[in-house]
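Make a model of the complete structure from these sequences and hints.
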Amino acid sequence: MNLNRKKLVGYLLFVFALAILSSCFTILSVDQPDTANAGDQITATLEVRTEDTDANAHHGIIAFLVPNDWTVNSVYYSGDFGPDSASFLPPDSIDADPGGQVDYWTDSLEARYPSGDDMGWVVFQANTPFASSLDTGYVDVEVVMTVGNSNGAFNIGYFVSNAALDFTDPKYYSVSLENPITVSGGTGVAAERALPRRYELAQNFPNPFNPTTTISFEIPATNQVKLSVYDLLGKEVATLVNGKVSAGNHQIVFDASNLQSGIYYYRLESGDFVATKKLLLLK
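The opening residue of the sequence shown carries number 101 in our numbering; numbering runs sequentially from there.
No false leads were slipped in.
With a cut-off of at most 25 Å between alpha-carbon atoms, the simulated BS3-like pairs for lysine-lysine come out as follows:
hint, residue 1, residue 2
1, K344, K271
2, K378, K335
3, K335, K377
4, K326, K344
5, K377, K326
6, K271, K326
7, K335, K271
8, K383, K335
Read the hints as simulated data drawn from the structure, not as lab findings.
Please read these numbers as outputs of a predicted model, since none were measured by experiment.
See the structure below:
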């Protein structure tokens, strides 16, 4: 076998391996109540589509952004995967598929989609790992939650992925952050937050950095946001945010462990707003 043919075979094997390892997720719909009374037990249902086969069995990751005084009671899923239930994954516990770029999902979700003071991410993990032989599959996720004692309007968030994947490619996960519910009948009041009046992209800190730095931005209204990092040649080397983001101030941790020392640029796009700043990685 000549060298070119060896390269071709190696490339085809690489592509095949990627096809096996990749698994795409999309939250197609979220069905939850618009209103609730404090202390109510409510049920939300997600319809999730999966794409691409996966020869290896992995545990599903399902997370919820809820007010701090709410309780996520149970998570159950059925369809092309399951039927089965999921169990709470504590913030200080590693997931069931260790060794990936994400092992502690609560911290990673907080870094990419900050919850604020009165809300927080609650992560559940499927009890049984599943492999997929389906190019396209559909899963219904049912979550039962107990509403807390704070009155106010809240945006409930939902996130799906699996424990072998990470945030390096938006296809690896799906997030839905704008699911409003108004709570009444409680004795507490949710803290009012002052919203920013304009778009702004802050300078990362620290800078220079090794290997992590924090990028902050603020948006005055809920909108689609893309935050990406590029090298000097204009090649996109990381996508940090790509989806709908709620109004407010946000902080994203950028981990450049897999990049070489040098100058990079990070770019924020939201509506008509575009801003770019420079960062320096020194190893």
